[in-house]
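Sequences and hints are given; from them, build the entire structure.
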Amino acid sequence: MKTIYIGPDFKCHAANDGTMTAVETDFFDGKCNAYIEGYRLVPAGESWVRKDGVVFRGEMITPLMPHSELAAAQAQYEKDLLDRADLEAAYNYLLTGGTA
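Residue 76 in our numbering sits at position 76 of the sequence shown; the count goes up by one each step and never skips.
Keep in mind that a hint or two might mislead.
Claimed, not checked - The calculated label-pair distances, taken between Cβ atoms and stated as ranges, are:
id, residue 1, residue 2, range
1, T3, S47, 33 to 41 Å
2, T3, Y93, 34 to 42 Å
3, N92, A44, 44 to 52 Å
Unchecked claim - Dumping the calculated BS3-like pairs for lysine-lysine here, alpha-carbon to alpha-carbon at most 30 Å:
id, residue 1, residue 2
4, K79, K51
5, K2, K79
6, K79, K11
Worth flagging that the hints you see were computed from the coordinates, not collected in a lab.
Please read these numbers as outputs of a predicted model, since none were measured by experiment.
Think of the CB as a built atom: it goes at the ideal place given N, C-alpha and C, for glycine as much as any other residue.
Set out below in structure tokens:
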């Protein structure tokens, strides 16, 4: 379960600027900040009114940008994690004199 933060417009944020509401969800488990911040989450029992007057009642999670952009950000994040893990493994190998 991950804690994310939503503003008055229900846009998701990875960090709280002090004015946001904390929300627990497993939808964003393992996701990078850019992925999280590309979504809107309306919690159960609340509603969001779009500019054209259409009302969306929670719980609702919807992307704010094309999914391909969100997927690309997540893929880069995961690649960076793997690269970092590879570097750490190589460093540890060298520290142990090549015996680990």
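Okay, the hints, checked on the actual structure:
{"no.": "1", "hint": "T3 / S47: 33 to 41 Å", "in the structure": "violated (22 Å)"}
{"no.": "2", "hint": "T3 / Y93: 34 to 42 Å", "in the structure": "holds (36 Å)"}
{"no.": "3", "hint": "N92 / A44: 44 to 52 Å", "in the structure": "holds (45 Å)"}
{"no.": "4", "hint": "K79 / K51", "in the structure": "violated (37 Å)"}
{"no.": "5", "hint": "K2 / K79", "in the structure": "holds (21 Å)"}
{"no.": "6", "hint": "K79 / K11", "in the structure": "holds (26 Å)"}
When held up to the earlier numbered hints, the structure conflicts with 1 and 4 and fits the remainder.
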